[in-house]
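Number of protein chains: 2
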Amino acid sequence: MMEQKTEPVFPKGEKITNNNFTGTVWLKNLIEADSINQNSVACVTFEPGARSNWHLHPSGQILLAISGIGYYQEKGSPKIILHKGDVVKCPPNIQHWHGAGPDQEFVQVAITSRQGGPTEWLQPVTDEEYNQSAK
Amino acid sequence: MMEQKTEPVFPKGEKITNNNFTGTVWLKNLIEADSINQNSVACVTFEPGARSNWHLHPSGQILLAISGIGYYQEKGSPKIILHKGDVVKCPPNIQHWHGAGPDQEFVQVAITSRQGGPTEWLQPVTDEEYNQSAK
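As given, the protein sequences belong to chains A and B, one line each in that order.
Sequential numbering of the first sequence, starting at 84, is according to the working numbering.
Sequential numbering of the second sequence, starting at 84, is according to the working numbering.
Hints listed in this document are in silico derivations from the structure and should not be mistaken for laboratory results.
What you are looking at is a predicted structure, and each value in this text was computed from that prediction instead of being measured.
Do not rely on the hints blindly, as some may be mistaken.
Note: identical chains are not told apart, hence a pair may lie in one copy or across any two.
Derived DSBU-like pairs: lysine-lysine, alpha-carbon spacing no greater than 35 Å straight-line [claimed, not checked]:
1. K111 <-> K162
2. K98 <-> K158
3. K172 <-> K98
4. K172 <-> K111
5. K158 <-> K95
6. K218 <-> K158
7. K95 <-> K111
8. K167 <-> K95
9. K172 <-> K95
10. K111 <-> K167
11. K218 <-> K98
Only chain A is shown next, with the shape it has when bound in the complex (with noise of 0.2 Å):
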C-alpha cells in the first residue's frame, strides 16, 4: 500500500466518554503497561477547543505533539503554545492541563508511567482559563 504522508500517523481510536475532558477528544491506546515496561503510550486527538480537565501524574508523563495547535499549561505558569515536533515532560504530582488551540485539531502522543499509581483528575479547565494569554 502507498503512504499518504498527509494522512495522520496513527488512527483516531475512539470518542473519549468520560467527564475528565471539555469537548471532543479521541483516544487510541498503542501501549498498555505491564509489570516491567510500566508506561503507557497513547495517540490523543483535540478537536479544536477540547482539553483534559486539571490532573496530575503521581510518575510524570511525557508529550509529544504530532500535528496541528495545542496548548499546557503547569498550574501556576503561563499557558504554552505547542506545535508539531514540540515536547513537554510534565513533572509527577504537578497540576496540569493540555488541548487543542481553538482553530485546529491537535494531535499528541502521551507517554506515562504507571509506576507511581493512575492519573489524579481534578475540575474542568474553564474558558477564563483556556482563553488567557500564552506565554
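On the provided structure of chain A, position chain B as indicated by the hints.
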C-alpha cells in the same frame, strides 16, 4: 508559521557516528531520562537499507513507526515489516535490530527505559539477515 503537513514531525537531528549502525542514521534526542522519569525518547531516521546492530535493552523499549517502511526482528523470530503508525514493544534483554527497508527512509520514535541500565550493543546485522523474508 503555517505547518506543512508533508514536513517531518521531528527534526532529523545529527548523523550517528558510532559503530552501532550500518548505513546512515540520524538521531534527535527529544527527552532525556532523569531520576524520576527514567525514559528517554528519541527520533531515529534510517536511510534506505540502514539498520542498527543487534542489541538489547535491560528494561525494554517501545518503538513508534512515524513514516516510511521499517524492519524489526527479534532473535529467533522472523523479521517483521513496520508501517507508519505501527508500534512495537521490545521485551527486556531480547536481542533485536531495527532499521529501514531498502527503498525508503524510515522514521521511528524510540522510548527507552534506562531503569535497568544502558543498551547492550552486539554484532552488525549481516546482509543475509537484513535481506531475509519477512513474516
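Evaluated hints:
Taking the shortest Cα distances, K111 and K162 sit within 35 Å of each other both inside one copy (25 Å) and across copies (26 Å). Taking the shortest alpha-carbon separations for K98 and K158, only the intra-copy value of 27 Å comes in at or below 35 Å, while the best inter-copy value is 38 Å. Both within a single protomer and between protomers do K172 and K98 lie at most 35 Å apart by alpha-carbon distance, with minima of 25 Å and 25 Å respectively. Proximity of K172 to K111 under the C-alpha cut-off of 35 Å is found in both arrangements, the shortest distances being 20 Å within a copy and 16 Å between copies.
Taking CA atoms no more than 35 Å apart as the test, K158 paired with K95 passes in both settings, with 29 Å inside one copy and 33 Å between copies. In the homo-oligomer, the alpha carbons of K218 and K158 lie at most 35 Å apart inside one protomer (13 Å), although the nearest pairing across protomers, at 49 Å, exceeds that limit. In the homo-oligomer, the alpha carbons of K95 and K111 lie at most 35 Å apart both inside one protomer (6 Å) and across protomers (26 Å), since each shortest distance falls under that limit. In this assembly of identical chains, K167 and K95 lie within 35 Å of each other by CA distance both inside one copy and across copies; the values are 17 Å within and 14 Å between.
For a Cα distance limit of 35 Å, the shortest separation of K172 from K95 qualifies both inside one copy, at 23 Å, and across copies, at 20 Å. Taking identical chains as interchangeable, the C-alpha atoms of K111 and K167 lie at most 35 Å apart whether they share a chain (18 Å) or sit on different chains (15 Å). In this homomeric assembly, K218 and K98 come within 35 Å of each other (Cα to Cα) both inside a single copy, at 30 Å, and across copies, at 33 Å.
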